[in-house]
Amino acid sequence: MNTPRFDELIHAPTRLSLVAFLAATGWADFKVLRDSIGLSDSALSKQLTTLEDAGYIEIRKAFVGKRPRTSARLTSNGRTAFDRHVLALQQIIAGTGGSVVAPGQPAGQAALRSGSHEADDEVLSGGSGATASAPDHR
Amino acid sequence: MSDQVEPAEAARALSEIDRRREQVIRRKVFPAWWWWAYAVLFTELAASVESGRGVLIGIGIALFMAGSFAIDLPVRRAARAAAPRRGLAPGAARRTLIGLVAFVAVLVGAGSATGLSLKAAGVPHPGTIAAAVTGVLFAVGGPMLVRLEAAMLMRRSGSRR
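Protein sequences appear in the order of chains F and V.
Using this note's numbering, the letters of the first sequence map in sequence onto residues 198 to 335.
Using this note's numbering, the letters of the second sequence map in sequence onto residues 12 to 172.
Check the hints yourself; a few may be wrong.
[Said to hold, decoys possible] If you anchor each label on the Cβ, the simulated ranges turn out as follows: (1) F/T277 / V/K39: 29 to 39 Å; (2) F/S273 / V/R167: 18 to 28 Å; (3) V/K39 / F/V261: 15 to 25 Å; (4) V/I72 / F/T277: 45 to 55 Å; (5) F/S273 / V/P85: 26 to 36 Å; (6) V/R106 / F/G252: 31 to 41 Å.
[Claimed, not checked] Covered stretches of chain V, as calculated for chain F (at least 3 residues, CB under 8 Å): (7) 19 to 25; (8) 28 to 39; (9) 87 to 95.
[To be verified] No more than 30 Å apart at the CA atoms, straight line, and that leaves these computed lysine-lysine pairs for DSS-like: (10) V/K39 / F/K258; (11) F/K263 / F/K228; (12) F/K243 / V/K39.
Since the hints were made in silico from the structure, they are not lab data.
Note that this is a predicted model, so its numbers are computed, not measured.
By construction, the Cβ of each residue, glycine as well, lies at the ideal position given by its N, Cα and C atoms.
Pulled out of the complex, with its shape left as it was, chain V reads as follows (with noise of 0.2 Å):
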């Protein structure tokens, strides 16, 4: 049969099997909304805690983690249905922890830098616009490093056949 097989052929069918990986790998796992509803999360959580108040706290926590379980049902729904495999691209889950580990410094630097800077001119509530800003930052950096890792993904699998 295969002698039969056209090179023209032959290369559609490549040309398929990339196409379907490449399904797989940018299948939308996490939905926009996601990521701002962490955001809110991040938020309010701040805030519960620079209440300073002891039931405040203990609802702000409550809250947060509930949203989170709420948030996260549907996400783990997707994953579950079809995630790409791992040693789908070799060398990429290290590439993709790197990406996760300085995003997440990059996060909590800017958090960080902002709230002490708020603090320290006396601006009130710097704890939760602190958290406010590190949300945003976290909604709009999140989908760009997904998209960055399903590229690199794309790049690296298909180089080893």
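Chain F extracted, bound-state conformation (with noise of 0.2 Å):
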């Protein structure tokens, strides 16, 4: 069972957003990385960089025919600190004492509940990096 601790380095708004796609998936191009999270291709490689320098995430370099192409995912170490992450900010809401996760619903659904409700219309706040998008691409 992993204990809550907030990870500065997930953090920031634009590796949070980073690391929560990676999370969620297996390998995932860098292509698909870029379009999903709204960033420059120097913008994530520099993101993806000190992700890896970090040791939360890996990076492959493969070739299909002649254009290179890359993917990374979340080693164990970068998932054990991503939900050691979650459960931090899900124990920071719970300090306040609302419910953190209704049964059948998502985290910060459940979380927007108990604390503000603007929140769900805004970019996240404080940390570095850029500011994250997310283009709608279904």
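Once you've looked at the hints, go ahead and assemble the two chains, each given alone in its own frame, into the complex.
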């Protein structure tokens, strides 16, 4: 069982988006990450390098035909750090006396009920890095 | 640092995490045309088999295999680029399998019932018509099944935390 641990490296808005995306997938292509998180190539490379240096992700470079293809995925350390960070966030909200997770409901939505109602529409604040936007690719 | 994080900010962070998970789950892997392309391939295969002529059957099977390979390429690529990881939603794999088996059973049942009814009524080319009906069901029901699976994944992965 993981214990809550707030992780400053993960909490930075762009990296939080990136790690949250990677936590839901296995290997993810650079292009998919760039388009999904809404970053430039250089900004994404920088964030991936930071996470790789911390041992949170591994990066794979391969060639498909003549085209280079870069993919990334969370390492087990990265996954553990992310899970612990989520628990820490839930604990912060639980400290206010609200429920963190209602049965059958995503954690964030439940958390919002106990926290600020305008939170859903706002971009994450605090931390470092570029502001994340989320273009809809559905 | 966590002492300095306000509950509202933590809530925003959790909301962002949920949003990214949803982005992965609802990412479009099957393009709309994929379902209809398979519907056409089913019909083409049934028509060639129903013709009863060896050459046509051979061509039909070859076309079906080549067509399947070609239309599956972009789907395989999209799935490889970022698919929801296994274990994202506990118990989801079993439900997905049940949904898939039920969908196939409905398709086979509808196809067989249509084909047999048409044959009994003396309608020409019952197999081809039945395959076309099955293809339409596949093209209409497939995307619905995918959406249902995504909704189920969202529910189950959300309640885990």
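Each hint tested on the structure:
1. One distance hint, 29 to 39 Å for the beta-carbon pair F/T277 and V/K39, holds here, with the actual separation near 31 Å.
2. Between F/S273 and V/R167 the Cβ separation comes to about 22 Å, which falls inside the hinted range of 18 to 28 Å.
3. The hinted range of 15 to 25 Å is satisfied by V/K39 and F/V261, whose Cβ atoms lie roughly 21 Å apart.
4. The beta-carbon spacing between V/I72 and F/T277, approximately 50 Å, falls within the hinted interval of 45 to 55 Å.
5. Distance hint check: the CB atoms of F/S273 and V/P85 are about 32 Å apart, consistent with the given range 26 to 36 Å.
6. V/R106 and F/G252 have their C-beta atoms about 35 Å apart, which keeps the hinted 31 to 41 Å range intact.
7. For the region 19 to 25 of chain V, the stated coverage by chain F is satisfied: 7 residues place a CB nearer than 8 Å to a CB of that chain, which reaches the threshold of 3.
8. Check on the region 28 to 39 of chain V: 12 of its residues sit with their Cβ under 8 Å from a Cβ of chain F, so the three-residue criterion for coverage holds.
9. Counting residues of the region 87 to 95 of chain V whose C-beta lies closer than 8 Å to any C-beta of chain F gives 5; at least three are required, and the coverage claim holds.
10. Note on V/K39 and F/K258: the hinted pairing holds, with a Cα-Cα distance of about 24 Å set against a maximum of 30 Å.
11. At most 30 Å may separate the alpha-carbon atoms for a hinted pair to count; F/K263 and F/K228 meet this at roughly 16 Å.
12. For a cut-off of 30 Å, the pair hint linking F/K243 to V/K39 stands: about 27 Å separates their Cα positions.
The structure meets every hint from the earlier list without exception.
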